[in-house]
Amino acid sequence: MKKFLFLALLVLSVFTANVFAAGEVDVWGGCTRLNMDNAFTVGLDCFFDVNKKNPKPGLRVVYLRSGENRISSASVMFGVRSDYDIGEKFNLNGKLFVDILEFNNTKKRSGIKVGGVIFLFGVDPSVGLQYLFTEKFGLGLDLGYRLSPTPFSGFTAKLGLNFKI
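Take the sequence shown: its letter number 133 is residue 133 in the working numbering, and every next letter is one higher.
Rather than coming from a laboratory, the hints here were simulated on the basis of the structure.
Heads up, a few of these hints could be off.
To be verified - No more than 25 Å apart at the CA atoms, straight line, and that leaves these computed lysine-lysine pairs for DSS-like: (1) Lys89 / Lys53; (2) Lys52 / Lys164; (3) Lys89 / Lys52; (4) Lys164 / Lys136; (5) Lys136 / Lys52; (6) Lys164 / Lys89; (7) Lys53 / Lys136; (8) Lys53 / Lys164; (9) Lys89 / Lys136.
Construct the entire structure; sequences and hints are all you get.
Rendered as structure tokens:
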């Protein structure tokens with residue numbers, strides 16, 4: 001299953017690279033905490049190089065699944081990325097993504113459904129270090145913390161490949 005998701009994200013990144021002619025595409029996988037359980041996460045970040053300036057606006061598609069609790073989530077997030085070169089081959093970056101989470105808190109009490117669907121605001125800030133193998137290809141590591149008033153909050157660690165278009 002993990003190999004299939006990685007392959008699907010890789011194909012999607014090539015498609016995205018052709019549609020958006022200037023920018024960056026990050027394909028990544030990692031781990032996080034989800035409702036007090038370890039979770040596996042994969043994603044695709046697309047950043048648009050507007051006039052070669054910082055910050056760069058972007059989109060993130062992410063899927064996560066916990067092992068023991070069997071909780072899963074998929075979402076599309078909107079965000080920005082800012083880069084700072086710390087050497088010829090190294091790059092320091094900061095990312096901030098936001099989304100609106102759909103959280104179902106419907107419970108059955110005495111045969112009656114109480115609660116309903118709530119839409120909540122989520123924030124995913126991170127800092128990262130990227131090593132550039134070539135001018136257009138690199139490997140990055142991001143550390144962050146996903147903030148939301150749901151069980152989907154927790155520390156994140158991501159390892160990914162970066163393609164500059």
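Checked hints:
1. Lys89 / Lys53: Roughly 19 Å separates the two Cα atoms, so the pair holds.
2. Lys52 / Lys164: Given pair Lys52, Lys164 holds - Cα atoms ~12 Å apart, limit 25 Å.
3. Lys89 / Lys52: holds (18 Å)
4. Lys164 / Lys136: holds (5 Å)
5. Lys136 / Lys52: Holds: Lys136 and Lys52 sit about 14 Å apart, inside 25 Å.
6. Lys164 / Lys89: holds (14 Å)
7. Lys53 / Lys136: Between Lys53 and Lys136 the Cα gap is close to 17 Å, so the pair holds against 25 Å.
8. Lys53 / Lys164: OK: Lys53 and Lys164 at ~14 Å, within 25 Å.
9. Lys89 / Lys136: holds (11 Å)
Consistency note: the structure conflicts with none of the earlier hints.
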